[in-house]
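Q: Here's the letter readout for the chains.
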Amino acid sequence: MTRNPFRYFGAALAATTVLVVGSGVAMAEEAVPFDTQVRFIFNTLNFLLMGFLVMWMAAGFAMLEAGLVRSKNVSMQLTKNVALYSIAGIMFWLIGYNLMYTGVGDGYFGTPMPVSIPDPAAEAKGLSAEGATMYAAASDWFFQMVFCATTASIVSGTLAERIKLWPFLLFTVVLTGVIYPIVGSWEWGGGWLDKEYGFSDFAGSTLVHSTGGWAALAGALVLGPRLGKYGKDGSVHPIPGSNMALATLGTFILWLGWFGFNGGSQLAMDSAENVSAIARIFVNTNAAAAAGAVTALILTQLVYRKVDITMVLNGALAGLVSITAEPLAPSLPWAVFVGAIGGVIVMVVVPLLDKLKIDDVVGAIPVHLIAGIWGTMIVPASNSGASFLGQFVGVVAVGVFVFTVSLVIWFILKATIGIRVSEEEEIMGLDAAEIGVEAYPEFGKGSQAI
Amino acid sequence: MTRNPFRYFGAALAATTVLVVGSGVAMAEEAVPFDTQVRFIFNTLNFLLMGFLVMWMAAGFAMLEAGLVRSKNVSMQLTKNVALYSIAGIMFWLIGYNLMYTGVGDGYFGTPMPVSIPDPAAEAKGLSAEGATMYAAASDWFFQMVFCATTASIVSGTLAERIKLWPFLLFTVVLTGVIYPIVGSWEWGGGWLDKEYGFSDFAGSTLVHSTGGWAALAGALVLGPRLGKYGKDGSVHPIPGSNMALATLGTFILWLGWFGFNGGSQLAMDSAENVSAIARIFVNTNAAAAAGAVTALILTQLVYRKVDITMVLNGALAGLVSITAEPLAPSLPWAVFVGAIGGVIVMVVVPLLDKLKIDDVVGAIPVHLIAGIWGTMIVPASNSGASFLGQFVGVVAVGVFVFTVSLVIWFILKATIGIRVSEEEEIMGLDAAEIGVEAYPEFGKGSQAI
Amino acid sequence: MTRNPFRYFGAALAATTVLVVGSGVAMAEEAVPFDTQVRFIFNTLNFLLMGFLVMWMAAGFAMLEAGLVRSKNVSMQLTKNVALYSIAGIMFWLIGYNLMYTGVGDGYFGTPMPVSIPDPAAEAKGLSAEGATMYAAASDWFFQMVFCATTASIVSGTLAERIKLWPFLLFTVVLTGVIYPIVGSWEWGGGWLDKEYGFSDFAGSTLVHSTGGWAALAGALVLGPRLGKYGKDGSVHPIPGSNMALATLGTFILWLGWFGFNGGSQLAMDSAENVSAIARIFVNTNAAAAAGAVTALILTQLVYRKVDITMVLNGALAGLVSITAEPLAPSLPWAVFVGAIGGVIVMVVVPLLDKLKIDDVVGAIPVHLIAGIWGTMIVPASNSGASFLGQFVGVVAVGVFVFTVSLVIWFILKATIGIRVSEEEEIMGLDAAEIGVEAYPEFGKGSQAI
Amino acid sequence: MKYIIAIIKPHRLEHVREALAAIGIEGMTVSEVKGHGRQKGHTEVYRGAEYVVNFLPKVKIEVATTEDMLDKALDAIREAAQTGQIGDGKIFVLPIEKTIRVRTGETDHDAL
Amino acid sequence: MKYIIAIIKPHRLEHVREALAAIGIEGMTVSEVKGHGRQKGHTEVYRGAEYVVNFLPKVKIEVATTEDMLDKALDAIREAAQTGQIGDGKIFVLPIEKTIRVRTGETDHDAL
Amino acid sequence: MKYIIAIIKPHRLEHVREALAAIGIEGMTVSEVKGHGRQKGHTEVYRGAEYVVNFLPKVKIEVATTEDMLDKALDAIREAAQTGQIGDGKIFVLPIEKTIRVRTGETDHDAL
Ligand SMILES: Nc1ncnc2c1ncn2[C@@H]1O[C@H](COP(=O)(O)OP(=O)(O)O)[C@@H](O)[C@H]1O
Ligand SMILES: Nc1ncnc2c1ncn2[C@@H]1O[C@H](COP(=O)(O)OP(=O)(O)O)[C@@H](O)[C@H]1O
Ligand SMILES: Nc1ncnc2c1ncn2[C@@H]1O[C@H](COP(=O)(O)OP(=O)(O)O)[C@@H](O)[C@H]1O
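Residue numbers (my numbering), protein chains in the order written: chain E, 1 to 450; chain Y, 451 to 900; chain Z, 901 to 1350; chain H, 1351 to 1462; chain U, 1463 to 1574; chain X, 1575 to 1686.
What the hints contain is simulated information worked out from the structure, not anything from laboratory work.
One or more hints might be untrue.
Mimicking EDC-like on lysine to aspartate or glutamate, the simulated pairs with C-alpha atoms at most 16 Å apart in a straight line are [claimed, not checked]:
(1) H:Lys1448 - U:Asp1533
(2) E:Lys357 - E:Asp233
(3) E:Lys229 - H:Glu1364
(4) H:Lys1390 - X:Glu1592
(5) X:Lys1672 - H:Asp1425
(6) U:Lys1560 - X:Asp1649
(7) U:Lys1464 - H:Glu1447
(8) Y:Lys805 - X:Glu1624
(9) X:Lys1672 - X:Glu1641
(10) H:Lys1448 - U:Asp1530
(11) X:Lys1614 - U:Glu1480
(12) X:Lys1672 - H:Glu1417
(13) U:Lys1560 - X:Asp1642
(14) Y:Lys679 - X:Glu1624
Given only the sequences and the hints, what does the whole structure look like? Please build it.
A: What follows is the structure, encoded as structure tokens:
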């Protein structure tokens, strides 16, 4: 296959001919009008472009979490993140996508079966048919899949530094193949929550972030805190993360990816209105993140007399999660407000969880679960199409379902193969125990450091 | 809100109908021709796409700077970078954008007032009006905002390892809300420099990079060098950066982001000529960076007998800054030449600053200020629309204004809340002093390293 | 030059006018129909967008390799990666591109001469001419150049920790300026392999990855293994990489970039069919990577009782290389299969090379060379346009040519300036020996660590 | 005066510090070391090849103390560091001839 | 022969090295250690919870020296390391029974 | 009992460990240190300015041993660590007054 500057020339000519001729006589029935194709291209491009930004968030979670665990558990955390993204990709193909989107009706789930990607020529030809979807099916699948992967990423951070690899991955299989798709089907799949309650969750504050957060919370309760995190006297012993540069890098990656997460959720880019909406979403998304970060910056300074960078990073992310349920309707100042409350949530919930002895290593519960609830509940304030009741029903329904099912699965895993490493292994570090490859062998206690 | 493959189908159909009908009878006056919409989409997409690449440069600066400071100051450097990007986002909304672009006339500044983002439906509808802008206002704001943030990023590197957090952030507020917008209004806002002198600065060698550089220089002078950097005998004591992998990552991020920085500054992508121009800009931008890196590579080998990676990274960046004033007009060999001189500048100016006892931790002054001046002054050589005089006036005007105003602000901050940490805090490291979270607690002198 | 919201307004109007008028009477001969321009824009955008993703892979290789070498050689590895990307950019301009694409006929190479980038206005105008290429020449060059750079990146990992900087860079000059372009001309340049054998290599499993792999293998043989890697008794002494977080980050970057690598190789995005093909490529590419990672995950657990993260990362990359020869034709399950075998290859070939005492520091030979061969040979199974014989001829021809020429060049370099550092320098580390800047001076054995 | 050098398991450091504090000993210097002894290193696999990690992370505690406190100190360390598992470490006592406090120049007993 | 072990503040190392060089002592071995003593650790807040950093970074200098140089060496170290602030550190002198230079096998006085 | 402190070049550690194992000595504690001595540091250039690296990476080995094994141990270390190049390091022998095994409380000879 040639690829030189002249290769395409032929193809282009040919295509032009088809189109020109197509608007002529003989082939008229087959040809898809160029304008229709342009719309198809824009919408597909939207999914691909925004999709790769969301895919990139997988790296963001990996870096954030690798930076917030101790060095003896870094390889494990990285392995989990590579693995969960891979598993999401496979499960969402095998059953997830169709469980979420096919045959949901106004019901509770669709049909679990593998996705098959249409042939491009056939798909393009089919565009002239009435009712044709105006984007490539593959691009839609890709965009939806990276959302599924995000949900799984959220869980991995909370449970870090003590969970065994394989039970975590098994849970990921269920989460990405079953739990997330079912919840998604209720709303994005057009199921009961959408039809009966007009629940509104633009890009997934609840469907993605709270889902991940509830699953993480259930896991944290079943798993228990890390050794030494809480004293018998109720004291809290912080366990500093090993690498703030990675944590910050991860946060910037997530921030960048979030433009795709929220912007792409407009689902179309084929009209001036749609692309204008995407632009507005970019601005609001950025504003909420900035407000979350600045709020945490100021509050940590006021409350603790020093600025805690991990809280600032959490603040930015909580701002992002908060705006995710409705990044389009708010005015810019309202987006700032919504994001700023995200920053407040982090300040309040992080110590609160410690009081409850719920050990959330990276702050995923405040950031994804609580800010996700906040973002969802505040939607009606800017979007008159949403109702307080509908939002409430959605938040509760998702919470009850995900939390309960997750709890059951975690218990089953605990009772069967066990979910927690031994005390000795936890002290030694999961990298030595399960991965066998140290993250930083030449530094600190590393085996090559002599 | 449904998101399943069929959701969009309805919308698409509906839209098609509108358009089809729109070109019919009844709704004729309302409908925006699809071609107009396509142009609007392309231009908006240009701003969003190139804008997110420039946003990503914030991470690049963070990593570069985190890699070039000592480990005891890494959390501080990261915090400053997250904070300044957030502050830029807020200030450029509150007053910056309109100060730069609204009501400048051919004058010296615009009207400082908050930006408001139009409703997408209204904006799209307005496209049929005469004189409608052919891109989403939100996308333009986003693209302009990330440039503003870049300016602030430049300052943070020079002043690292000794400046207090809050005075730096206060300066950032003024820089992003006032100084940069005013300078920008002179040229990009259509003010006096544009109208009277035909100053030409395509993507901001002067407006962004020199502005950042002058502010940094003023700060470095007021702040003084780091403890131990210069001996009383005039000797220079290098203070090696803590992490070359991060510094290199940061440089690659900046290199990538620069395609957006320069390419997006074409400001439109709605014609073959525009997109061809963007492509040419990509090529020239890459060529200048490559030439800067290779020049520094060869020169450090020849002069110092070893290749200094930090100089190679600075060389690539200086190449990028050099081509930024005019990335479109040059032929490829000319772009190589312009970038290569950027590499030479780094080789000459880095030791020169040390002779002057100006302590620029990351080399921002040679890279952004001096290479920015070089790039601006050489524009007339490839772009006949620019004049040597006009360029000179622009460079000097921006220099005098930014340097003077910055100096005054730094002095005020010094005289009031103080800008420098105590000697003891500087020795201990800013992370312990002001952030309270170490970047690498388990390595080196970290508190968890036992 | 103004850049305010109203600047573009004028231009837009003007352009609109031209187009409207252009479809009128007087200017009819000059005006390029808007639809043609749209096609030109989409295709150019494809090259730029996918091209910057592939450019980003340079950072991926840098991080992956920096993570898999010992800390005393990290600055060297980073320097090589920045330098090789820069050199590729210059050599592919000076001679590479035209050697690969201009005047190849059905022969063995083209005309080595510098590329020149057309003037955007002229290029846009030329679109109305018959036979005009439907994308910006600059965007094509950019896209092709980043492929060339990728080839060079592959070599640098294998030869790490013992090769001298300058001989490596000289080899890179020849590889990017001559070897890769010649091989590329056979197929993508429309030369004999394409014309006579119908060889099929969609995005370069052979042309890019195996080419890099063969060059690396030749280098590894001439250079010999690192000191202490193999005992006299045939024992293998692993030398753990210094930073798994960087290695994982690098892998995620490569994974992301690969969407551009494979997707962009569709070479056009100007029709529904093309963009649908790109979407399908995204999905298959992701599936193969996921399958490669999961396969290595499971196999390392089964075989070694622990999950080796470096093998999982290699598995993902081998999956990516495997699908690169044909990412479009396969169904999703077939892509999973092709990628999974990539994972198996890593499991088998990594220890095999050690048995042969071929020291491949990062696993580039299994990942790029062997998986590249696998991916190329399996093309006919999904693409009926390819033949087993044609693929075989291509694989062998490229192998024989690249391996032989590389071997000769490595020998010449060895005999003249020498390619390997002294034993003492190897023990001390290449950073101290040739770069003079330590990667992590404050950690481990770093000079600032006291 | 005596110089106590104790090699212990890293996660027992906090216990030892507390045990010493309990008997009034605050001053000590600790460092990361690697130990080799009866406790065998483990075999790891990296990229398909096995290797033995011979040296295990330990913490070294150095405490200068007066003769009269010596036995109490040794007991405190031993009890706090003990897990009963192989590899718990060793305590060595060396003689000190002179002790100086840098800040004041005080010597011996007063220097602690 | 005597073995001097000095625990000092990290940023004084360069002064001490120079002070020792000034009296003709070049040979020394240094390492990163953590110290605990009168100088109290500080309380930090991480993610809303307080914790105490008990051990502060110090540098340990080890110098083997002959009896006749001992006092000069101790004075040099003490003066160069002193800041007058709490936490300046300690110097311990231990007896050495034998010294060997690895390269030549020379012993004792000749080995330095 | 004697306390051997050997400062050696890092890449000789494995040889020394093997040499000691060959004469039946398994127990030892090692750490990363920096050395200064006859072997001169090197001058580096960073961003156009020169600086001297005064301290070179060394490894410190600490072995407590009985009197009867001492000479064998010293010979083993010296031979294994020797490269003949400047900077090979030193071995110091210090007296030990007491040795305790943390796990069992055994002392002196039995504690090794
Ligand atoms: N002879 C020795 N000299 C110095 N350190 C020793 C000696 N023997 C043991 N150690 C240190 O004590 C640690 C524990 O010793 P080991 O023999 O493994 O177990 P145990 O303390 O239970 O006897 C070793 O890892 C090493 O650091
Ligand atoms: N008894 C001791 N044994 C060993 N090291 C000690 C002892 N006391 C103090 N040190 C070391 O000396 C350092 C300084 O001691 P400290 O009591 O804080 O202040 P000062 O030296 O001013 O008395 C400690 O951090 C510790 O490293
Ligand atoms: N007087 C000393 N006290 C403590 N350590 C010393 C002394 N002299 C040398 N050393 C250590 O021994 C190492 C080697 O010594 P050096 O004089 O460089 O070479 P050589 O061992 O060949 O005489 C030094 O780097 C230092 O760590």
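Q: Regarding the pair U:Lys1560 and X:Asp1642, is the alpha-carbon distance no greater than 16 Å?
A: Holds, at about 15 Å.
Q: Is the straight-line distance between the alpha-carbon of U:Lys1464 and that of H:Glu1447 16 Å or less?
A: holds (9 Å)
Q: Keeping to a limit of 16 Å between CA atoms, is the pair of X:Lys1672 and H:Asp1425 held or broken?
A: Holds: X:Lys1672 and H:Asp1425 sit about 13 Å apart, inside 16 Å.
Q: Is U:Lys1560 close enough to X:Asp1649, meaning Cα to Cα at most 16 Å?
A: holds (13 Å)
Q: Would you check the hint for X:Lys1672 and X:Glu1641, treating anything up to 16 Å between C-alpha atoms as holding?
A: Distance of about 13 Å is within 16 Å: holds.
Q: With a cut-off of 16 Å on the C-alpha distance, tell me whether H:Lys1390 and X:Glu1592 pass.
A: Holds: H:Lys1390 and X:Glu1592 sit about 14 Å apart, inside 16 Å.
Q: Within 16 Å, alpha carbon to alpha carbon, are E:Lys357 and E:Asp233?
A: holds (12 Å)
Q: Would you mind confirming whether the straight-line C-alpha gap from E:Lys229 to H:Glu1364 stays at or under 16 Å?
A: holds (14 Å)
Q: Tell me if the straight-line CA distance from H:Lys1448 to U:Asp1530 falls inside 16 Å.
A: holds (15 Å)
Q: So if I understand the rule, the pair passes when the alpha-carbon distance is 16 Å or less; does X:Lys1672 with H:Glu1417 pass?
A: Given pair X:Lys1672, H:Glu1417 holds - Cα atoms ~13 Å apart, limit 16 Å.
Q: Taking 16 Å as the top limit, are the C-alpha atoms of X:Lys1614 and U:Glu1480 close enough?
A: Within the cut-off at roughly 14 Å; holds.
Q: Are the Cα positions of Y:Lys679 and X:Glu1624 separated by 16 Å at most?
A: holds (12 Å)
Consistency with the previously given hints is maintained throughout, with no hint failing.
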